[in-house]
Amino acid sequence: AQSVSQHNHHVILSEAASLELGCNYSYGGTVNLFWYVQYPGQHLQLLLKYFSGDPLVKGIKGFEAEFIKSKFSFNLRKPSVQWSDTAEYFCAVNPQTVYSSASKIIFGSGTRLSIRP
Amino acid sequence: DGGITQSPKYLFRKEGQNVTLSCEQNLNHDAMYWYRQDPGQGLRLIYYSQIVNDFQKGDIAEGYSVSREKKESFPLTVTSAQKNPTAFYLCASSIRTELNTIYFGEGSWLTVV
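Chains as they are written, first to last, in the working numbering: chain H, 1 to 117; chain Z, 1 to 113.
Here chain Z stands alone, though its shape is the one from the complex (with noise of 0.2 angstroms):
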């Protein structure tokens, strides 16, 4: 089946080590995203990126990093400089950004302690 694969679904990290959450799509989208939930906040933007080796910061990208070396994978790291670092996070993959409609994956749990 096709879809946006994201790993893993729940993580728990101390506080000051860097983690890195896993996205696969196989469903030949050009673009993919990372949005964090919160909370009565909805989804916020955190990087995207529209074409292999190439990213954009979203709203909220500091203390995030991307990367996109193939076009199925879209790994993000969240990394020690993240203040709230606890959240759900959300990949997600269109087939082009011009067509505005976005698939996403099943979502990571991240709780830092």
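Next up, chain H with everything else stripped away, as it sits in the complex (with noise of 0.2 angstroms):
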């Protein structure tokens, strides 16, 4: 069965440091990926997203993320973190058939990063 998978459940950084979530994902074929945030008390925003093209993709906030098709990885890095970047992080896998469609997006368990100031 396709899944997602974030083997980090809590990370825990200094301010400044450099930052890599893990993302991998179990699907052989074409896929579109996609890293979430969700803020406390806020609701879930994309942070970016990788259709074709550069595998390395620049989202919002400084972030990027590196599609390595041989490896099926997707990780999530910003190299100096700030306290604001306390959050929970969703990678995301959409596996391309001839039938896609946004129903088969499968959310990995997430990652809760918690910044020290």
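Keep in mind that the hints are not guaranteed to be accurate.
[What the hints assert, rightly or not] For the chain Z half of the interface with chain H, some residues (derived, Cβ under 7 angstroms), not all of them:
| hint | residue |
| --- | --- |
| 1 | Asp38 |
| 2 | Gly40 |
| 3 | Gln41 |
| 4 | Val52 |
| 5 | Ala81 |
| 6 | Phe88 |
| 7 | Gly105 |
Bear in mind the hints are in silico, worked out from the structure with no lab data behind them.
Ideal Cβ placement from N, Cα and C applies to all residues, glycine included.
Work from the hints to combine the two standalone chains into their complex.
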């Protein structure tokens, strides 16, 4: 079955530290990939997405993610985190089929990021 | 401002009662979705609707029902048949399902006691 794995359930960093959150998926075909963020008390927001082209995708607030097809990965990175990055981060995958639709977006279980001021 | 409005934000109900969660969007999106979010399990799709008067079951539809009588509205009813209804419920919408980018509401917390 198709699945998305986020192995880090809770990550704690100090401000200015570099961040990398892992995301791996299980599907051999073409995929669309997403990272969503949920700040405390707020709704889920799209951070960045990859559909095709340059595998290094830049999103909002200094985040970027790299799609490595051979590793089935789409890790999220930020060179220097801020206290305001404290949130929960969700990786999501949309396997592309002939009948592809958003209904097939599969979410990971999320990674809670806590930044110490 | 355009967006997705869910109400109520917090809801308490007694076991055995049906409860309906409201979701309204003014984004002119065709597709709407309901997800359930449980700690450590990510988001799981309950129901989705691509157009008015049509909807499809997601991965965990048992114990839930929906309607789509208007483009902007997609209410979710949590019935007494749902064995573990206490959860955080998220409504979402997208322009067309093919574009595959979903926008979310702020969610509704349902607690059944």
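Would you list, in rising numerical order, the hints stated earlier that this structure does not obey? Violated: hints 1, 4, 5, 6.
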